[in-house]
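There are 6 protein chains.
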Amino acid sequence: LWRSSQAAVRAMSSSGGPSPPYTTLAVSHPAEFVTHVEFHRPEKRNAMNRTFWREMVELFNELAVNPDCRAVVFSGAGEVFTAGIDLMDMANDVLQPGGKDTARKCWQLRKKIVAYQETFSVLERCPKPVVVAVHGACIGGGVDMITACDVRLCTQDAWFQVKEVDIGLAADVGTLQRLPRVIGSRSLVNELALTARKMYADEAKSSGLVSRVFPDKEVMMAGAIAMAEEMAARSPVAVQGTKINLLYSRDHSVAESLDYMATWNMSMLQTDDLMKSAQAAMEKKSPKMVVFSKL
Amino acid sequence: LWRSSQAAVRAMSSSGGPSPPYTTLAVSHPAEFVTHVEFHRPEKRNAMNRTFWREMVELFNELAVNPDCRAVVFSGAGEVFTAGIDLMDMANDVLQPGGKDTARKCWQLRKKIVAYQETFSVLERCPKPVVVAVHGACIGGGVDMITACDVRLCTQDAWFQVKEVDIGLAADVGTLQRLPRVIGSRSLVNELALTARKMYADEAKSSGLVSRVFPDKEVMMAGAIAMAEEMAARSPVAVQGTKINLLYSRDHSVAESLDYMATWNMSMLQTDDLMKSAQAAMEKKSPKMVVFSKL
Amino acid sequence: LWRSSQAAVRAMSSSGGPSPPYTTLAVSHPAEFVTHVEFHRPEKRNAMNRTFWREMVELFNELAVNPDCRAVVFSGAGEVFTAGIDLMDMANDVLQPGGKDTARKCWQLRKKIVAYQETFSVLERCPKPVVVAVHGACIGGGVDMITACDVRLCTQDAWFQVKEVDIGLAADVGTLQRLPRVIGSRSLVNELALTARKMYADEAKSSGLVSRVFPDKEVMMAGAIAMAEEMAARSPVAVQGTKINLLYSRDHSVAESLDYMATWNMSMLQTDDLMKSAQAAMEKKSPKMVVFSKL
Amino acid sequence: LWRSSQAAVRAMSSSGGPSPPYTTLAVSHPAEFVTHVEFHRPEKRNAMNRTFWREMVELFNELAVNPDCRAVVFSGAGEVFTAGIDLMDMANDVLQPGGKDTARKCWQLRKKIVAYQETFSVLERCPKPVVVAVHGACIGGGVDMITACDVRLCTQDAWFQVKEVDIGLAADVGTLQRLPRVIGSRSLVNELALTARKMYADEAKSSGLVSRVFPDKEVMMAGAIAMAEEMAARSPVAVQGTKINLLYSRDHSVAESLDYMATWNMSMLQTDDLMKSAQAAMEKKSPKMVVFSKL
Amino acid sequence: LWRSSQAAVRAMSSSGGPSPPYTTLAVSHPAEFVTHVEFHRPEKRNAMNRTFWREMVELFNELAVNPDCRAVVFSGAGEVFTAGIDLMDMANDVLQPGGKDTARKCWQLRKKIVAYQETFSVLERCPKPVVVAVHGACIGGGVDMITACDVRLCTQDAWFQVKEVDIGLAADVGTLQRLPRVIGSRSLVNELALTARKMYADEAKSSGLVSRVFPDKEVMMAGAIAMAEEMAARSPVAVQGTKINLLYSRDHSVAESLDYMATWNMSMLQTDDLMKSAQAAMEKKSPKMVVFSKL
Amino acid sequence: LWRSSQAAVRAMSSSGGPSPPYTTLAVSHPAEFVTHVEFHRPEKRNAMNRTFWREMVELFNELAVNPDCRAVVFSGAGEVFTAGIDLMDMANDVLQPGGKDTARKCWQLRKKIVAYQETFSVLERCPKPVVVAVHGACIGGGVDMITACDVRLCTQDAWFQVKEVDIGLAADVGTLQRLPRVIGSRSLVNELALTARKMYADEAKSSGLVSRVFPDKEVMMAGAIAMAEEMAARSPVAVQGTKINLLYSRDHSVAESLDYMATWNMSMLQTDDLMKSAQAAMEKKSPKMVVFSKL
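Protein chains in written order, with my numbering: chain A, 1 to 295; chain B, 1 to 295; chain C, 1 to 295; chain D, 1 to 295; chain E, 1 to 295; chain F, 1 to 295.
It should be emphasised that the hints constitute simulated quantities derived from the structure, not laboratory data.
Idealized CB from N, CA, C, for every residue including glycine.
It cannot be assumed that every hint is accurate.
Computed, partial: chain F to chain E, Cβ under 8 angstroms [said to hold, decoys possible]:
| # | residue |
| --- | --- |
| 1 | V57 |
| 2 | G184 |
| 3 | R234 |
| 4 | T271 |
| 5 | K276 |
Below are the EDC-like pairs computed for lysine to aspartate or glutamate, each with C-alpha atoms no more than 20 angstroms apart in a straight line [unchecked claim]:
| # | chain 1 | residue 1 | chain 2 | residue 2 |
| --- | --- | --- | --- | --- |
| 6 | B | K100 | A | D101 |
| 7 | B | K112 | D | D157 |
| 8 | E | K294 | E | D272 |
| 9 | B | K276 | C | E79 |
| 10 | C | K198 | C | D93 |
Produce the complete structure using the sequences and hints provided.
Listed below in structure tokens is the structure:
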């Protein structure tokens, strides 16, 4: 397993840049049914510009329905994962809304905030699991983004910063909504969000923000892809149904979530994948040896 | 305290099998007001068959109203806690719903899923605290089950596996709904549910799935029973009201939960137990020396 | 930074007692825009009497609208943080509601419970962050209280006890509602609430109840005040909007919380603080060098 | 159509009393797939005694899974629909809970209230539509009951009374929860519940409590059975799915309800009933001429 | 009954103005346990000024705990019920918030809106039923207000106008939140709120906004007081519990509301009022002949 | 007013068909800021085909952001409003999902149902009010559609039919979710949905489904446009904020909705429209004489 993953990683290293038509994202396929998306503005420390926000929506809406994609790995090119919002590029958008009437400026700003929120919500609405691999800095919008991914991994040198209060605003594209749900210490969440202090890999691990820490980026990428392969090897009906129901239960009571789950599985249990998988399990075969129809 | 518990454990060891009328569950009373329920299909690695699902509902509905039961310890007989669903026994039920019409097959399946969910929901609806003690493997349905218990303990050799995606389905009897609420790292929850990898005792402890790890099963059982004795020794009005309100607050906002709590306690504070307990506390007596009326 | 904080701590040490008109609370200003509130009934081990409950509401309602307060540190004077409810003082209130009719006694009790809940809910409704610093014992009502604060710190010798079941009642002023939301292990929450066992600083840290442990009280107080200074130095529009939205998202779904956030920030992004902060950030200035208008 | 219904009504008239094993309920089958349930304690003006509460649960749980029942008509035998709770029979239950401890009396009372609520909630959980036909008086518990039915009809001489405040309690088995959801004027709901005044057929119709008023009981019963036949003649997959989703949407937001609906119909649309029904519709055939498999 | 009410009305007519310390509200006691609150700024067509907003909160907070008040009638003095907000008086408050920073102006405005909302929310939080009697015009803030009352009555010459869009704002003190819940036609609600057209008494009755229309103000006042007497004559435990639970069920699902109701009544059913009322009912006595303890 | 509207109606009558690029929708502008959308497949009795579903989304997403549109009138061309779903056109889509695996067919169907639901949800998400004018038949999908509009009008000869159970399915694009929220009688909703009986104009009016009935289509169109003009003449900040908050309050509790409203209006009250409108109101000018900036 790991050998092929490492080969894949080496293959990826030769990638020269963004994949057309994208200009901020490089897309590759390091393993069967696995899509690797790389944020690729290394010269700008992967700062999030307007192009990035738009391309994320386009790409993930496409991946959501692409049957050849069953799991996604997301990472950043260059020195750091991301420096966060590209203030220069976005200044006009956010800092100088048009017109003189306060209400009308609000109206325009609200539309933009909702659109930026959407950029990361597509990560959730995409039913394929998204594993995010963080190295170096993950600042501001970067934290908003990774909390919308399903599994978070990082390198030993990674650090995280909820930067927004430092530039005079309450984080509004996801961190305040999702961070408290992905880690177990509210005291820590509040401390991070109210003081903008940095958190390093060890605390990220012990607090549960990431579930694994790797010594360096190369090892992490191999691990991330191997994990995505595990997900991609299992029945897509099972895996994607699992993601959808995990997210449902986050936002509903246990009773409501059990009801939804039963209504979901009353049909999904009739899939052929169940028999194929059960048989493979009894025969002690790896799920990777089973061929599932496209979904 | 521990001595008597260990005696109790030894006493239990001599139990020869299920307690009639049950055929999969052995019921004993290792200490006053403490009920020990043992899953007893050791020859089948405590695989969950249809009889088990039915007996669980019957037993816990009975314990819910039995005034001599104030706390429950649940454990598994034999080598492992549970191997999960007994696929052989349940195949007809789930894999081959009757009839040809898709809608009607769904209708039947939904009823069965709801019934299976009920098996573990009775653990929550029973107002007496349930301490679950896990040794060896806890697979698939086992994880669904323990997340519906109140306190989770395990031995050093225990391991946990959200197995469902391996057999082609999204877990539908509680894991996806309750696991994210009982541990603090959503990244870990997702990783476990989407890859079916095993988690061992150390990670179970550091992630908060279990609150204590014991060196072996005998010590764990003594610890579990001692803990249940502590719960059983306190006012049942206080203990059971605590469980009911903890579960209520899980599924409601803080404001709603405070309102419910006030409405609950406006009468429960009038219990004689309050005066008895307060007096014992002032006199530095153990709660075990107070006699509370049956509830 | 730390030097000035330590000076502030020394200054505080000379405080002789409660600040009129309060008789249980000492209020001081160890740093600009930082308010230090000290629970000051050391001779009673800071037991919560009826005066305390009333004064907390008065004080925090005042701090909520006081523009000179941008962050609060709360701590206890004397040997311990708090011994919890002052049973002697409150006995008449709670143990002997007037009248003979059960319904009417309930009616009176409910009003009192709601009023006591309010004492800690004011901590949440105050939009300024509250950092609580715990040393020694934090018992019963103390746990209810600290779970309503934003950041929790403690000394190495601190311990926490959900004491209520020991005196015959289900905790009704916040612990059962907030504790499961501030730490990541539900098994631990249940164990603490159902057995009333003590939890020490290490477990408080590993479970996420506190986000930092300090060697002793003096160091902790310096750390707490330094942290509050960090919060107070940033834009109050950003910091207080962050607190308000963190609490909102605790009690609503992610989708609802994002919607609220966008509606909030459509106007708050128009603050001058944003430009001031962004400029300072680009110039690598500390937020402390920026002057924000009062809020 | 009406002719056969009237014949059925006549046939029913000859029924001599309750259907064993029931002693308060007479069950008959006036038309194919239609079950008629008659409350049969005419000598007690159909007062609701403990036997009735229990039998309702037994019967409707049975009807819920009986494939030969696709629609239910509920009515009362004798002079009036129901005089409400049988105070004499229930006095011991409710007025004199056992024991001396307030908390323990509450505990017992709560169990009983929940059980009584269940009596009417079974009407909702039964996925087959329930048409209730009211003549004469419908008092107290009668209003609780009819608000849990799906369609309400009455005779010109019917009257309704939310009686509970007259006997010193807030209605606790459904009226306060369901009445505001079944009629359109909250001012009227409040007036009825807070003054216990009678409401007659005309106001019941104009307020929307009933959807049709009939001149006398015989005509009403024919109309009720004809309506039930219409429901029973259509695809049970469609009709029961409609009831389930109407109830779901009552208690959830529109967005949540649409999501649930889509998840429900993704399988139910695959039923053969759809093709059969569509074909009949195109051929202008009555649904009654289509044969649907049992559900 | 009516005779005494009419005498009471005549008595009230002699009232010369507001009751000190109030300057916009006249308070009287036309019948036992009934409080009549009259909006008394006839020379300003009962326009809502800042004094009124404040006095409403003070008065209804007092009535909420006054045991001599068991039901309230609210009406307006002079020609009309109310002309709505007093724009002149409130212009400074709302139209010219202080300061230059948009965020800070928002912050101040939000506090004021919340305070104004509170003015009408006290009507709901007061557990005693509030019957509102409308004559002549009820404009803008008047509609916000009456939708927070429990029962709405009007004269034949009354008319209602959701005026806010006419002056350039979305109604923000209750109409948009409560009007759709008190009448049964959403098309009508939207039409009224989006066009600001007037609605007259007949449509108010047929749509369910009011539950009764009276020929003139004198008759209406007699009717309103008679209705309040009916409420005041019944067990306050029953009546106030009914109001509290009706409001609870408005904002929660049926299942949640039934649960709350059971938890409420487990103690309230133990009131002596139940036995007293039941006995009176059996003896065919009027509730007015029963003496209930104060609540 | 009416004269110009009638002229506009006459002008529209000359419209020859759909407005490119649309092939099922004719778009015109009968009055300033008013858009008239006509469903234009008269030769197919305005049956909803796949093109219609797509064009609705495109058009209303455009209208949502078009500043020249402040209110919308929707009607149907030809003999009837709509015959509902075009079964022939959609048969492939819905009746024969591809593939053999049940789970995969469900997956595809769910996507389609969600897309169809979206067609009508755009009517709600468009912040401009939508007045729908119904003549003749409004069947099946037509009812789903009109319940997503804001104001419903009809002619005397209109009739409505929740047709879905007749063709073997539970209505899944909005009727079961929205109809109970727009009319006041749940008994009627259930009767209509479970029996598919027709409802005529009078019952539509008395039940609150429509807020006005007109003698014929020409008069209705004039009335609809006049009503839309009233809406379009008022401040768009006020009108659109009203629609957004009315929809918000439908799906949230009163307390949550008031909070959202305050957060919304803290900025929207700063609009210049408020001063302009207030001044016009004081000068007794019509809102139509005020010029508001585009939104």
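Practice task
Against the earlier hints, flag every one the structure doesn't satisfy and list their numbers going up.
Solution key: 1, 6, 7, 9, 10
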